[in-house]
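**Q** Each chain, written out:
There are 2 protein chains.
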Amino acid sequence: MSYSDFEDEVKTLTNLEEASKFLNWDEEVMMPENGVMPRSRQKSTLSKVRHEKLTSDNLGEIIDSIDENELDEDQKANMRELKREREKMLKVPGKLIEKISQKESECVDVWKKAREEDDFESFAEELRELVELKREYAAALNEGEEPYKVLYKDYEPYLSFERMEKILQKLKEELNPLIDEIQESNPDLCTDAFKGSFEEDKEMRFNKEIAQELGFPDEKGRLDFSAHPFTVGNSYDTRITTRTKDNDITGSLMPTIHEAGHALYNLGVPEKFYGTPRGQPRELSIHESQSRLWENHVGRSKAFSKYLLPKLEEKFPEEFSDTSVEDCYESLNQVYDDNLIRVEADELTYHMHIIIRFEIGRKLINGDIEVEELPEIWDQKMEKYLGITPETDSEGVMQDIHWAWGSFGYFSTYTLGSVISAQLYEKIEEDIEKPENKIENGNFEPILNWLRENIHKKGRLLKTEELVEEATGQKPTAEPFLEYIEEKYSELYNL
Amino acid sequence: MSYSDFEDEVKTLTNLEEASKFLNWDEEVMMPENGVMPRSRQKSTLSKVRHEKLTSDNLGEIIDSIDENELDEDQKANMRELKREREKMLKVPGKLIEKISQKESECVDVWKKAREEDDFESFAEELRELVELKREYAAALNEGEEPYKVLYKDYEPYLSFERMEKILQKLKEELNPLIDEIQESNPDLCTDAFKGSFEEDKEMRFNKEIAQELGFPDEKGRLDFSAHPFTVGNSYDTRITTRTKDNDITGSLMPTIHEAGHALYNLGVPEKFYGTPRGQPRELSIHESQSRLWENHVGRSKAFSKYLLPKLEEKFPEEFSDTSVEDCYESLNQVYDDNLIRVEADELTYHMHIIIRFEIGRKLINGDIEVEELPEIWDQKMEKYLGITPETDSEGVMQDIHWAWGSFGYFSTYTLGSVISAQLYEKIEEDIEKPENKIENGNFEPILNWLRENIHKKGRLLKTEELVEEATGQKPTAEPFLEYIEEKYSELYNL
Chain A
1 MSYSDFEDEV KTLTNLEEAS KFLNWDEEVM MPENGVMPRS RQKSTLSKVR HEKLTSDNLG
61 EIIDSIDENE LDEDQKANMR ELKREREKML KVPGKLIEKI SQKESECVDV WKKAREEDDF
121 ESFAEELREL VELKREYAAA LNEGEEPYKV LYKDYEPYLS FERMEKILQK LKEELNPLID
181 EIQESNPDLC TDAFKGSFEE DKEMRFNKEI AQELGFPDEK GRLDFSAHPF TVGNSYDTRI
241 TTRTKDNDIT GSLMPTIHEA GHALYNLGVP EKFYGTPRGQ PRELSIHESQ SRLWENHVGR
301 SKAFSKYLLP KLEEKFPEEF SDTSVEDCYE SLNQVYDDNL IRVEADELTY HMHIIIRFEI
361 GRKLINGDIE VEELPEIWDQ KMEKYLGITP ETDSEGVMQD IHWAWGSFGY FSTYTLGSVI
421 SAQLYEKIEE DIEKPENKIE NGNFEPILNW LRENIHKKGR LLKTEELVEE ATGQKPTAEP
481 FLEYIEEKYS ELYNL
Chain B
1 MSYSDFEDEV KTLTNLEEAS KFLNWDEEVM MPENGVMPRS RQKSTLSKVR HEKLTSDNLG
61 EIIDSIDENE LDEDQKANMR ELKREREKML KVPGKLIEKI SQKESECVDV WKKAREEDDF
121 ESFAEELREL VELKREYAAA LNEGEEPYKV LYKDYEPYLS FERMEKILQK LKEELNPLID
181 EIQESNPDLC TDAFKGSFEE DKEMRFNKEI AQELGFPDEK GRLDFSAHPF TVGNSYDTRI
241 TTRTKDNDIT GSLMPTIHEA GHALYNLGVP EKFYGTPRGQ PRELSIHESQ SRLWENHVGR
301 SKAFSKYLLP KLEEKFPEEF SDTSVEDCYE SLNQVYDDNL IRVEADELTY HMHIIIRFEI
361 GRKLINGDIE VEELPEIWDQ KMEKYLGITP ETDSEGVMQD IHWAWGSFGY FSTYTLGSVI
421 SAQLYEKIEE DIEKPENKIE NGNFEPILNW LRENIHKKGR LLKTEELVEE ATGQKPTAEP
481 FLEYIEEKYS ELYNL
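These protein sequence lines are chains A and B, in that order. Each residue of the first sequence is one higher than the last, beginning at 1 in my numbering. Each residue of the second sequence is one higher than the last, beginning at 1 in my numbering.
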């Protein structure tokens, strides 16, 4: 047996996972409503078969037969990533994984209904069982460790919990007073530059045009509508979705730019490594840094408004003939200080929403609080950090699908994404002369090339912290993000 | 171990196959062009895993542990179908299957290019190797049997080769003089009732409306455009495609009706058997009888023209204000006696195209002729049976993808489909009072219900010949088709 046997096995695992991912895309975007049952069976078989193969003795023997000293760096990365996943799965009983996956899908179903009916009680019942199972899962993986840390590591194996915690702490300290200042300021920002009436077909064509100009090519992807924007794919074929929001073209356009950022990352990993971890993008925080770099540092910059407005005027003359670049920029960057909903938050208050979820989720998983206490604690923290209190649990503790999905430890990766994107963009501003001039002219290639070179091409060659350090000279750190935020909002709100 | 273990294994096999089928739909309809390589890897892994599981010792032990006397009829059908497939696969070396599948996809690639460039030589080279492999495959399955018969049985395990041959022979004898008569007649049939200019979106909406009225519901399916019309799906979720043909709305509409016929069959198999052979439609000839019943016996009837024309007038007033029902009926049923292409043939000459392929394919697989002789023999038979000779191999022996795909023994199932559809429709005319009145009023439910009851609901409970016999009182036979054809064309051409 040799390394190439190992790679064959790894590729089989990838193919099963990819098959499942594209079936999932189909489910969200194309599938007729009656297809849910057979589709969930198909996906569950794929996941069962993949688990069998990942934990098989055969794969174990192949791994044992390989002398890692004889491998090159790419091959070593493949071994590292695969062994980590395999060792994790060997620790968790297959039955427990099945139980969790079943409970998660039940919990999501109940959550959907409970959120509609503002019925926390019925959600709580399911969630309690799921939390119990997730605690069991954490104990199976690492008995002595803090359970929440174990779950976090599932999502971010190579960005330490301590570093993440320090970053959140720093943001909490610095963003809180800034939010207070903004709430006390008396600005008169334009909020409706992008409002208007847009025909769906035309809106979609406009979104496609912008995505293409950012570097998302037709022959390697698709853009469709779906209920929740998302990205699925690989170096060859990556698909994004956006949504329509009545009467505001940024309702589709900002998700398109965000998802295009994810897609450009997928498409930028070298094709020749396809099927192995080396040929996959790194996980959540880095992936999110790509989407947020394009959405926020590019898409919400004044330069981008200068680029965008003439295009909008050309395609929708009736809606944009009276709009100024300043209007666009202000509308894209206003702080919604009375907003209760994470996914509708601005770049600033967003992270307070995350910190609330991090603090509550941690206590819950670690057993310091129980499910029934969630609504009260939620409302207290909302009041304390954002000065607002939700009137219902639907727009409070039940607003996100993540906990129903069993994704505890996940939320902080969103903030890490913002933080890393600012760190990368700071370096881009050093390496590329006046990137804002390029953006204004619709020349996004220098930025894309920088990301290709410093992030995309690396796939999973480096661990997360190393990857950021090689690209920027520093491990993930909050400062560039805080500087960016303070500069932007001080100017906007005359602080 | 028990029957329920057996069913679990069978369902796993189904899920793998279904996953692959929907990925294939995606590939044909949605996938960006660059996605071919990873998609073919995904599908090949699914097929490899399915083969492993189908031929596993584990499944063998489960099968051996079951006492078939204790099973009900549905369960017995599942055992029969699964054992047949497993025993077949156990006889063929896995390596040979892999080689065939690889050669098939190479051969299709070469065929595409060769057909474009009318270059039979380069196609012949690949085809020769594929034919050799298919002969090997037939020998592995059944050493002493005529190889072509073995391959046919792969497609139609339960409709005997002898019966099929007798049917083709009968058609050849009776259709030949009829074609001569028509060629000598001097008719003045309308040929352009459906010509016009149709906007693609509107054309698609019209197709969807008709498919829905036939009984193809939105929540259980989709209709899209693709290069070649096809159907994929199960009782819950079945998708059809059609194509556009410039300036003739039947270019999309007839394929839609045909594929809707396939879809109604899939959707009519009881959901409760999903995942087992009992919950699958029977194979090609029966499936094709469903599509052809709707396309020909319903869609090309005078009653259907009466139903269709007012709808066309309403949606496309400029194109149809001067059209008569008679024009529609004639245009849908004209005999193209100088047509070289199978897929563009009418209901009559079509079967001569099939007979040519059957006779040549049989000789080729059995080693009575070799690949290099194909063009000459093809042209001779075209001249003899249809009185026309292709000028190029592209519109001659290379027109169909089937042989490049390795589908030898397949073509006759199309004719069987026509023959069985006529047999079923003859019975429908006995059981339903004046079905043409129902069609004229757009009331397709009585016909659909008859098919549901007599064909769809049965899934794979019965073998093919039994299924036809239970539905019509006779095993598959040519007479009803010949009567239908003679009646229709005698009237149209005043013979």
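Any given hint could be a false lead.
Any copy will do: because identical chains look the same in the list, a pair fits if it lies in one copy or spans two.
Claimed, not checked - Pairs of lysine to aspartate or glutamate, EDC-like flavour, derived with a Cα cap of 20 Å: (1) 363 x 184; (2) 103 x 314; (3) 172 x 57; (4) 53 x 8; (5) 220 x 33; (6) 220 x 143; (7) 48 x 17; (8) 53 x 465; (9) 272 x 33; (10) 95 x 8; (11) 306 x 326; (12) 363 x 469; (13) 113 x 199; (14) 208 x 106; (15) 245 x 346.
By construction, these hints were calculated from the structure, which means they are not laboratory data.
**Q** Work down the list of hints and note, for each, if the structure agrees.
**A** We went through each hint and held it up to the structure:
For the homomeric pair residue 363 and residue 184, neither the shortest alpha-carbon distance inside one copy (32 Å) nor that between copies (90 Å) is at most 20 Å. Taking the shortest Cα distances, residue 103 and residue 314 never come within 20 Å of each other, neither inside one copy (51 Å) nor across copies (52 Å). Taking CA atoms no more than 20 Å apart as the test, residue 172 paired with residue 57 passes in neither setting, with 47 Å inside one copy and 60 Å between copies. Taking the shortest alpha-carbon separations for residue 53 and residue 8, both the intra-copy value of 12 Å and the inter-copy value of 18 Å come in at or below 20 Å.
Proximity of residue 220 and residue 33 under a CA criterion of 20 Å is satisfied inter-copy only: 7 Å between copies versus 27 Å inside one chain copy. When the C-alpha separation of residue 220 and residue 143 is checked against a cutoff of 20 Å, the pair qualifies neither within a copy, at 44 Å, nor between copies, at 47 Å. With identical chains, the CA atoms of residue 48 and residue 17 are at most 20 Å apart both within one copy (11 Å) and between copies (15 Å). In this homomeric assembly, residue 53 and residue 465 never come within 20 Å of each other (Cα to Cα): the closest approach is 30 Å inside a single copy and 42 Å across copies.
Taking the shortest Cα distances, residue 272 and residue 33 sit within 20 Å of each other only across copies (18 Å), while inside one copy they are farther apart (37 Å). Proximity of residue 95 and residue 8 under a CA criterion of 20 Å is satisfied inter-copy only: 16 Å between copies versus 27 Å inside one chain copy. For a Cα distance limit of 20 Å, the shortest separation of residue 306 from residue 326 inside one copy, 9 Å, qualifies, whereas the shortest one across copies, 62 Å, does not. Taking the closest pair of Cα atoms, residue 363 and residue 469 never come within 20 Å of each other, the shortest separation being 31 Å inside a single copy and 69 Å across copies.
With identical chains, the CA atoms of residue 113 and residue 199 are never at most 20 Å apart, being 31 Å at best within one copy and 41 Å at best between copies. Neither within a single protomer nor between protomers do residue 208 and residue 106 lie at most 20 Å apart by alpha-carbon distance, with minima of 36 Å and 34 Å respectively. Taking the shortest alpha-carbon separations for residue 245 and residue 346, only the intra-copy value of 17 Å comes in at or below 20 Å, while the best inter-copy value is 50 Å.
Against the hints set out earlier in the document, violations occur for numbers 1, 2, 3, 6, 8, 12, 13 and 14.
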